[in-house]
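**Student:** First to last, the sequence lines map onto chains S and E. Note that this note's numbering gives residue 154 to position 73 of the first sequence, counting from 1, and the numbers run on in steps of one. Note that this note's numbering gives residue 595 to position 498 of the second sequence, counting from 1, and the numbers run on in steps of one.
Please keep in mind that the hints were generated in silico from the structure rather than gathered at the bench. Owing to the predicted nature of the structure, the values given are computational and were not obtained by experimental measurement. Using N, Cα and C, we set each Cβ at its ideal position, and we do this for glycine too. Among the hints, erroneous ones may be present.
Some chain E residues near chain S, calculated using beta-carbon distances under 10 Å [stated by the list, open to error]:
no.	residue
1	A116
2	L120
3	R124
4	S128
5	E129
6	A131
7	K133
8	E136
9	L138
10	K142
11	A685
12	L686
13	V690
Covered stretches of chain S (in silico footprint by chain E; criterion: 3 or more residues with CB under 8 Å from a CB of chain E, positions within the stretch not fixed) [stated by the list, open to error]:
no.	region
14	94 to 105
15	115 to 127
DSS-like mimics (lysine-lysine), calculated; alpha carbons at most 27 Å apart, straight line [what the hints assert, rightly or not]:
no.	chain 1	residue 1	chain 2	residue 2
16	S	K83	E	K142
17	E	K733	E	K684
18	E	K142	S	K186
19	E	K191	E	K133
20	E	K154	E	K191
21	E	K133	E	K154
22	S	K185	E	K142
23	E	K460	E	K504
24	E	K214	S	K83
25	S	K186	E	K720
26	S	K185	S	K83
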Amino acid sequence: MKGVIFSELIYWVEETYSPSIADQMIRQADLPGDGCYTSVGSYPHEQALAMIGQLVEITGEPVNDLADAYGYWLSARFAQLYPEVFMGHTNAINFLRAIDGIHKKEVARLYPDALTPSVIAEVDGEDLLVSYASHRPFAEVAHGLIRGYIDYFGDDLVIIRDEGTPGPHAARFIVQRK
Amino acid sequence: MDGTGWDAAAAMTAEEMEAELALVRRRLARSESARKQAEALLEFKSRVLAQANEELKENRERLRIELGQRTRQLLEAQRVAGFGTMIWDAEAFKAELSPHCQDLLGLHGLAEIEGAKTADSPHPILDRVSPEEREKVFEWSRRLTTGALQLKHNRVALMQAGAGRTCKADDCRTCEHLADCDRMLEFRIVGRNAGEANRMIRALAETSVDEDIGRVLVFITVQDITREIEAANEAEALHQRDQRRMRELEQLAVELRAAREAAERANAAKTRFLAMMSHDIRTPMNGVIGMLELFDAAGLSESQHEMLGLMRASGDQLRMLLDDIIDLEQAESGKLTLAAFPLEVGTFLSTSIGFWTRAARGKGLTLELERAAFGWRGSLVEWIVADRYRLRQIIDNLVSNAVKFTKRGGIRVRVGPIAEDRFRFEVIDTGIGIPPERRAEIFEDFGQLHTVDVQAGGSGLGLAICRRIVDLMGGTIGVEAGPEGVGSCFWVELPFVEVDGPTAAKQRDERRLLRFDGGRLRVLVAEDVETNRIVARGMLSKLGCDVELVTNGEEAVEALRRDAFDVVLMDMSMPVLDGPEATRRIKALPGAVSRTPIIALTAYSGRAELAPMMTAGAIGVVKKPIVLDELYRAIKSVCR
Numbered sequence: 082m083k084g085v086i087f088s089e090l091i092y093w094v095e096e097t098y099s100p101s102i103a104d105q106m107i108r109q110a111d112l113p114g115d116g117c118y119t120s121v122g123s124y125p126h127e128q129a130l131a132m133i134g135q136l137v138e139i140t141g142e143p144v145n146d147l148a149d150a151y152g153y154w155l156s157a158r159f160a161q162l163y164p165e166v167f168m169g170h171t172n173a174i175n176f177l178r179a180i181d182g183i184h185k186k187e188v189a190r191l192y193p194d195a196l197t198p199s200v201i202a203e204v205d206g207e208d209l210l211v212s213y214a215s216h217r218p219f220a221e222v223a224h225g226l227i228r229g230y231i232d233y234f235g236d237d238l239v240i241i242r243d244e245g246t247p248g249p250h251a252a253r254f255i256v257q258r259k
Numbered sequence: 098m099d100g101t102g103w104d105a106a107a108a109m110t111a112e113e114m115e116a117e118l119a120l121v122r123r124r125l126a127r128s129e130s131a132r133k134q135a136e137a138l139l140e141f142k143s144r145v146l147a148q149a150n151e152e153l154k155e156n157r158e159r160l161r162i163e164l165g166q167r168t169r170q171l172l173e174a175q176r177v178a179g180f181g182t183m184i185w186d187a188e189a190f191k192a193e194l195s196p197h198c199q200d201l202l203g204l205h206g207l208a209e210i211e212g213a214k215t216a217d218s219p220h221p222i223l224d225r226v227s228p229e230e231r232e233k234v235f236e237w238s239r240r241l242t243t244g245a246l247q248l249k250h251n252r253v254a255l256m257q258a259g260a261g262r263t264c265k266a267d268d269c270r271t272c273e274h275l276a277d278c279d280r281m282l283e284f285r286i287v288g289r290n291a292g293e294a295n296r297m298i299r300a301l302a303e304t305s306v307d308e309d310i311g312r313v314l315v316f317i318t319v320q321d322i323t324r325e326i327e328a329a330n331e332a333e334a335l336h337q338r339d340q341r342r343m344r345e346l347e348q349l350a351v352e353l354r355a356a357r358e359a360a361e362r363a364n365a366a367k368t369r370f371l372a373m374m375s376h377d378i379r380t381p382m383n384g385v386i387g388m389l390e391l392f393d394a395a396g397l398s399e400s401q402h403e404m405l406g407l408m409r410a411s412g413d414q415l416r417m418l419l420d421d422i423i424d425l426e427q428a429e430s431g432k433l434t435l436a437a438f439p440l441e442v443g444t445f446l447s448t449s450i451g452f453w454t455r456a457a458r459g460k461g462l463t464l465e466l467e468r469a470a471f472g473w474r475g476s477l478v479e480w481i482v483a484d485r486y487r488l489r490q491i492i493d494n495l496v497s498n499a500v501k502f503t504k505r506g507g508i509r510v511r512v513g514p515i516a517e518d519r520f521r522f523e524v525i526d527t528g529i530g531i532p533p534e535r536r537a538e539i540f541e542d543f544g545q546l547h548t549v550d551v552q553a554g555g556s557g558l559g560l561a562i563c564r565r566i567v568d569l570m571g572g573t574i575g576v577e578a579g580p581e582g583v584g585s586c587f588w589v590e591l592p593f594v595e596v597d598g599p600t601a602a603k604q605r606d607e608r609r610l611l612r613f614d615g616g617r618l619r620v621l622v623a624e625d626v627e628t629n630r631i632v633a634r635g636m637l638s639k640l641g642c643d644v645e646l647v648t649n650g651e652e653a654v655e656a657l658r659r660d661a662f663d664v665v666l667m668d669m670s671m672p673v674l675d676g677p678e679a680t681r682r683i684k685a686l687p688g689a690v691s692r693t694p695i696i697a698l699t700a701y702s703g704r705a706e707l708a709p710m711m712t713a714g715a716i717g718v719v720k721k722p723i724v725l726d727e728l729y730r731a732i733k734s735v736c737r
């Protein structure tokens, strides 16, 4: 998984909780590189899962809430880090419909061997159905990201998780008008 | 830093401070470690990039070399094939010229040129085109440009219409436009320098869309066709010359024919004159000879007796000469005719040859008649249909010549069949012989060899008359050297029709006779060739028919108007009125006569050739040469 997810995770914990909680999380996770991540590197996603697991221990908050919150925070960071990806898009629906193509194209250009999740958005009447599928269990992070994009564009939309969908590896979200 | 921070720091215990410091150190260490990771990664990526860049450069260089090679090969191929290429970009209004194209158009070093705006404006290509063709070349290029732009326009319109349609001939007017515009143009490039010759150029244009650059380009191949044109002109000149020669030859042939006809007319006139004279001379001649016969030889001295003998011999010779001249005239004017009567071969031959025995013996020569087989198994038939007088004339001529020209030795006459319906007789002597180069001409009129003429006497017309009689009989006559190169062998081959002799006729099978309503069958034969008529008559007589002969279709129709016949044998091709037309007329005659069965008599064997007769109304066919059985069957089938 791309290093940016790891470095931003530590950054988020430092910002949201404190540098010492971030430090504690890293130390307790007993990571091979002792929590040294660079956004241009790649690392096993299990290390991110280990860190979130420790954060659950430290904060006592549910893992899904934490993952969703991280995703939400990450969406704003992406807007800061990669403004060119957001350029040309005026609303969340439009952006979400394009995201799978953009994501794959941008990642593939820099990291030809990267395995990217599939995020497919389809219009269903007035709703937008966004399907997430990945070999990594980050469906909640995806939920937070979508939520973040809606707020970024300031759209009057709400995201609902389709409860019929299986779990962290695959999920379907319904984006609809409030 | 605000007061709170200071307060907080101040409130920290040393232990807490220590922990805080350790935390900061760890964070710094992580940052440092991450930076080093990033740098290492960056360096690695840089190396990968540099390597990729190297590979790219190498690839580009390889492609550049390959492109250069291909381009050189293409240009070389163009040079070898003798054509250049020009790529006309109608939008850019520019053309790219291959080196050989530049050479052909006399534009050395001009690889790119702009289009011409008018036919008159200065332009590198138009300036080289012969002045009278400038307008034509300009108009051609203008139409190609318009066509290409229109094609582009249509494609854009189609793309905008969506659905990923591509240009098709059906919906692209440009294609039609280009089809209308002749894709080929020929023009002359005028040599500019003294040493530079004019040359004929053929340009061929093909418009195509370059999808990679999204442009419509016109590809024009340019070819030097000067030699081709020269060759065509040369061929045309040769053809004209041949035509002229042909006309001259035809003219010559016409003149020759006219000259020959004039000579023939003159010759005929001469022969007629001679015949007339001979006829007129013969009357007083008969008087002279008759008187000489009556002259009483008694009381004459020996020398007077000798003189009288000479006078009689000269008289006979003169009469023979006159007869020959009259025969020849008859043959030439087509009046020579053949009679046809049954003839017993054996008796006829022994009598004819025997007549000359005395003369031969008188010269100390032998004269023998022998039957020969000539390689044919059958034996000579006993009775044939023939003209006894003319046949005798041939034999007399050949045998008398042999006796005349032979001093020592003897004469052999050999007779025998050479086919079912042909016989040959040879007169072989041991005389002076005839040089090979003169063998053909002795059968021509007055063709007797001059050298012997004086000694031997004679009109020189005998062999010419023989040839004419043999021709009339449908045979051939010739001469070759005698056996072992001594003397001559004169030979004659003649067709014959076998008939039953008077004795055999009595015994012939009654069933073979054709009868109609109990009586003798009346047959009308229309046939222009006399031999055929004789043959037909001979056979029909043998079949017990009464026969009437006519020589053309008109006479046949007339005969039927006059008289009734049981069957008509009608030759297909005859002068005056041919078989098919005569058949039609007979069929159109009023009354029962129109129902007279008509049998086609023909030498043709194909269905197509027979069709006119059958369409006209003939109901049977008898092929020539006529075979008795076939004739019998044909008549039997139509007169049932």
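**Student:** Let's test the interface hint: is any C-beta of chain S closer than 10 Å to that of E/L686?
**Tutor:** 102 Å, violated
**Student:** Using C-beta distances, would you say chain E covers the region 94 to 105 of chain S, given that this needs three or more residues below 8 Å?
**Tutor:** holds (count 3)
**Student:** Does E/V690 pass the interface hint, meaning its C-beta sits closer than 10 Å to a C-beta of chain S?
**Tutor:** Constraint on E/V690 not satisfied, violated at 105 Å.
**Student:** Min Cβ distance, E/R124 to chain S: is it shorter than 10 Å?
**Tutor:** Holds. Min distance 6 Å.
**Student:** Within a Cα-Cα threshold of 27 Å, do S/K83 and E/K142 meet the stated pairing?
**Tutor:** Distance of about 15 Å is within 27 Å: holds.
**Student:** Report holds or violated for the interface hint on E/E129, using the least CB-CB distance to chain S and a cut-off of 10 Å.
**Tutor:** Since chain S brings a Cβ to about 8 Å from E/E129, closer than 10 Å, the hint holds.
**Student:** Let me know if the C-beta of E/S128 comes in closer than 10 Å to any C-beta of chain S, holds or violated.
**Tutor:** 8 Å, holds
**Student:** Can you confirm whether the C-alpha distance between E/K142 and S/K186 stays at or below 27 Å?
**Tutor:** 19 Å, holds
**Student:** Does the alpha-carbon distance linking S/K185 and E/K142 stay inside the 27 Å limit?
**Tutor:** With a Cα-Cα distance of about 20 Å, the restraint between S/K185 and E/K142 holds, given a limit of 27 Å.
**Student:** Double-check E/K142 for me: the hint is only fine if its C-beta lies closer than 10 Å to a C-beta in chain S.
**Tutor:** 8 Å, holds
**Student:** Per the CB criterion, is E/A131 less than 10 Å away from chain S?
**Tutor:** 5 Å, holds
**Student:** Mind checking the alpha carbons of S/K186 and E/K720 for me, to see if they're no more than 27 Å apart?
**Tutor:** Violated. S/K186 to E/K720 sits at ~98 Å, over the 27 Å cutoff.
In summary, the structure is inconsistent with hints 11, 12, 13, 19, 20, 21, 24, 25 from the numbered list given earlier, while agreeing with the others.
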